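Listed below are the residues making up each chain.
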Amino acid sequence: MKRIAALLAFVLAFGGAIYAAGALSINGAGATFPYPIYSKWFDEYHKKDANIQINYQSIGSGGGIKQVTEGTVDFGASDGPMNEEQLKAFQDKHGFGILHFPTVLGAVVPTYNIPGVEASLNFTPEALAGIYLGKITKWNDPAITGPNKGVKLPGSDIVVVHRADGSGTTYCFTDYLSKVSEEWKTKVGKGTSVNWPVGLGGKGNEGVTGTVKNTPNSIGYVELIYAEANKIPYGSMKNAAGVFVKASLAAVSAAAAGASKEMPDDFRVSITNAPGKATYPISTFTWLLVPEKISDTAKRDAIKSFVKWAITDGQGYAEGLAYAKLPKEVVAKEMKAISKIQ
Amino acid sequence: MATTTTTVPSAGPVAGSRSFLSRLRSGDEVARLITFLFAASVVLITVWLVVELWRESALPRHKFGFAFLVTQVWDPIFDKFGALTFIYGTVVTSAVALLIAIPLGIGAAIFLAELAPARVSDTLEFFIDLLAAVPSVIYGLLGVFIIIPLMRDYIQPALKDALGFLPLFQGPAYGVGFLTAGIVLAIMVIPYIISVSREVLLSVPRDQREAALALGATRWESTWQVVVPFARTGIMGSIFLALARALGETMAVTMVVGNTPTISASLFSPGYSIAAVIANEFTEATGDLYLQSLIELGLVLFLITFILNGLARLLIVVTAQRGSGMGNA
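As you go down the protein sequences, you meet chains S and P in turn. Residues are numbered in my numbering as their position in the first sequence, beginning at 1, plus a constant of 1. Residues are numbered in my numbering as their position in the second sequence, beginning at 1, plus a constant of 225.
It should be emphasised that the hints constitute simulated quantities derived from the structure, not laboratory data. You may find that some hints are simply not true.
The following label-pair restraints were derived from C-beta to C-beta distances [stated by the list, open to error]: (1) P:Val362 x S:Ser40: 19 to 29 Å; (2) S:Lys186 x P:Ile380: 32 to 42 Å; (3) S:Glu330 x P:Leu366: 38 to 48 Å; (4) P:Ile363 x S:Lys186: 40 to 50 Å; (5) P:Pro374 x S:Lys341: 53 to 63 Å; (6) S:Val199 x P:Asp304: 20 to 30 Å; (7) S:Pro37 x P:Val267: 36 to 46 Å.
35 Å max Cα-Cα, derived DSBU-like pairs, lysine-lysine [to be verified]: (8) P:Lys288 x S:Lys89; (9) S:Lys136 x P:Lys385; (10) P:Lys305 x S:Lys239; (11) S:Lys188 x P:Lys305; (12) S:Lys180 x S:Lys139; (13) S:Lys49 x S:Lys309; (14) S:Lys214 x P:Lys305; (15) S:Lys41 x S:Lys334.
Okay, the calculated bits of chain S under chain P, using three or more residues with CB under 8 Å as the criterion [stated by the list, open to error]: (16) 59 to 72; (17) 193 to 199; (18) 210 to 224.
Source: prediction; values computed, not measured. Quick reminder that beta carbons are idealized off the backbone N, C-alpha and C, glycines included.
Build out the structure end to end from the sequences listed, making use of the hints.
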């Protein structure tokens, strides 16, 4: 009995010591898409300032918004900006607002598997919307063959593949389709999950990729970083300026720069179909969601200095992990916005 | 369940505190109380589960009412939710699975219990138990990498050629769909049927077999007409265990079913199941109505399981009255 008591005392004392040394622990939750770079950031930041330990649960954007609204985490993260209803819910619950901070950028690319076609295909917005609406059903439809002169496309049925799980990737993709197709906007709309007019659902980027690889004459959409990491071939998209652009980190950053002139003060902006000749049109920011008021001063200072670091020095880690960096204009604007956290 | 034992603690102190204390000291009373609490916790958890699912799904229950069960649309953007396509997918995939798994499983169990030498039977049983313990995601991978291509390139075209006049086998062959999900589920539940049925068959008294043989029955006649009917209740139990697993299976189904909410007579058509849609959409479900509709789907799945289990009990009671002696369900 005595031995057990001694052991217990030791464990408590030791645990307490660790806890005391760990000092400030900050909790966040949300999007899965930026998880690789966020975990890298939190790790590096902890090395820089050992007093701050940031924990992040990648439970999905919806969960991130919910948790930060409930107040169970110190900050949230999302691939889509919060909508008016969600902002109001936060305001009503806490009596103050919530701020959006873009951290890095990602893009969504169309991938396909057509036996006998090796060339990289060009897609117009009309063709992509038509395919996903179920109106274009054959690969040799003029809407697809038009911008792909010299490529022999078969007359087989197109098998459409989309994400089955709710995701920021789907949000970005449907946000784009809603901008380029009036019919998509009214019939389907944008969101992390939608009521797809046609197609098979795959779970996760890997599920979509697997289905596309396995199914002849299929088309799907995946995140750029996933396509890059797994060497998946993907097509080019015609942007708002009428140029066919293949997704690249530079083309994604260009989309952000194109949009930054009209960047609203709350950063809640969609950069799909952004202007500019070099921009890739299916691009998106991913955001950190930070409450306007944080009563714990130590926590507030830590979060502020972390966000500052992430959008400046932290950007150095982005391209190594295949995320596009924030353009300078956006960083400058965000630096000002950080002071709004009180 | 074991609620009748509630009289025990109250009877003790009044009847004589000394004897209660001594029984307490000897441990009997303690053991009884503790095990009673454990037994009661099962009931509590079940009730709690239903209450939570019911409470958390208030919004869609009020907004859609019973229409939720018969509506096909599932549209998170325009806030229209109906469970019919998912109920259909869940029931169809499980039915296909059982249609395949029951004959195969019971046949294998009869061989292992009655016809195979003990050593072969024990060795095979080891592998069957191993199969039953394989995580479902592994079966999903088996489906994605082996069964889907096989289905798309060989089995579905062959079925179309041979039986294409039936609405069951029409439409494009994607490889994924109700039939594929049913086959993967069948592979998953066969070990349960074999394992439990074999145990039940083995526990049929020797006298029964010997009596049949003495009356001049062949070995197969004794097995089929005496041993199997004797073990009927237990075999039924194994089937319902398999059904329960098939209804609730999430990972393996979502990997092969196509994840498209459809109701179609064709087994080649992609579909969706309740468990799969909950797992896929729950994390990113924003908006209370959406989230609560997913929870109501959970309630529906619970009800389906509950009703089918009730029917199973009923079936066992009915068949038991017709002369089967085993109570192994």
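Hints, one by one, checked against the model:
For the hinted restraint 19 to 29 Å between P:Val362 and S:Ser40, the CB-CB distance of approximately 23 Å keeps it satisfied. Separated by about 41 Å at the C-beta atoms, S:Lys186 and P:Ile380 satisfy the suggested range of 32 to 42 Å. Between S:Glu330 and P:Leu366 the CB atoms are about 46 Å apart, so this pair conforms to the stated range of 38 to 48 Å. Roughly 42 Å separates the CB atoms of P:Ile363 and S:Lys186, a value that falls within the hinted 40 to 50 Å.
Here the CB-CB span from P:Pro374 to S:Lys341 is close to 55 Å, well matched to the stated 53 to 63 Å. At roughly 22 Å, the beta carbons of S:Val199 and P:Asp304 sit within the given window of 20 to 30 Å. For the hinted restraint 36 to 46 Å between S:Pro37 and P:Val267, the CB-CB distance of approximately 42 Å keeps it satisfied. Note on P:Lys288 and S:Lys89: the hinted pairing holds, with a Cα-Cα distance of about 23 Å set against a maximum of 35 Å.
Taking the CA atoms of S:Lys136 and P:Lys385, the gap is near 26 Å; set against the 35 Å cutoff, the hint holds. Between P:Lys305 and S:Lys239 the CA atoms are separated by roughly 33 Å; this keeps the pair inside 35 Å, and the hint holds. A hinted pair counts as satisfied when its Cα atoms are at most 35 Å apart, and S:Lys188 with P:Lys305 qualifies at roughly 13 Å. A threshold of 35 Å between alpha carbons decides the hint, and for S:Lys180 with S:Lys139 the separation of about 24 Å falls inside it, so the pair holds.
Distance check on the hinted pair: S:Lys49 and S:Lys309 sit about 14 Å apart at the alpha-carbon level, within 35 Å; holds. For a cut-off of 35 Å, the pair hint linking S:Lys214 to P:Lys305 stands: about 33 Å separates their Cα positions. Taking the CA atoms of S:Lys41 and S:Lys334, the gap is near 24 Å; set against the 35 Å cutoff, the hint holds. Given as covered by chain P, the region 59 to 72 of chain S passes the check, having 7 residues with a CB less than 8 Å from a CB of that chain where 3 are the minimum.
Evaluation of the coverage hint for the region 193 to 199 of chain S: fulfilled, as 5 residues show C-beta separations to chain P shorter than 8 Å, against a requirement of three. Only residues whose beta carbon comes within less than 8 Å of a beta carbon in chain P count, and the region 210 to 224 of chain S has 4; three or more means the coverage holds.
The structure fails none of the hints (numbered hints given earlier).
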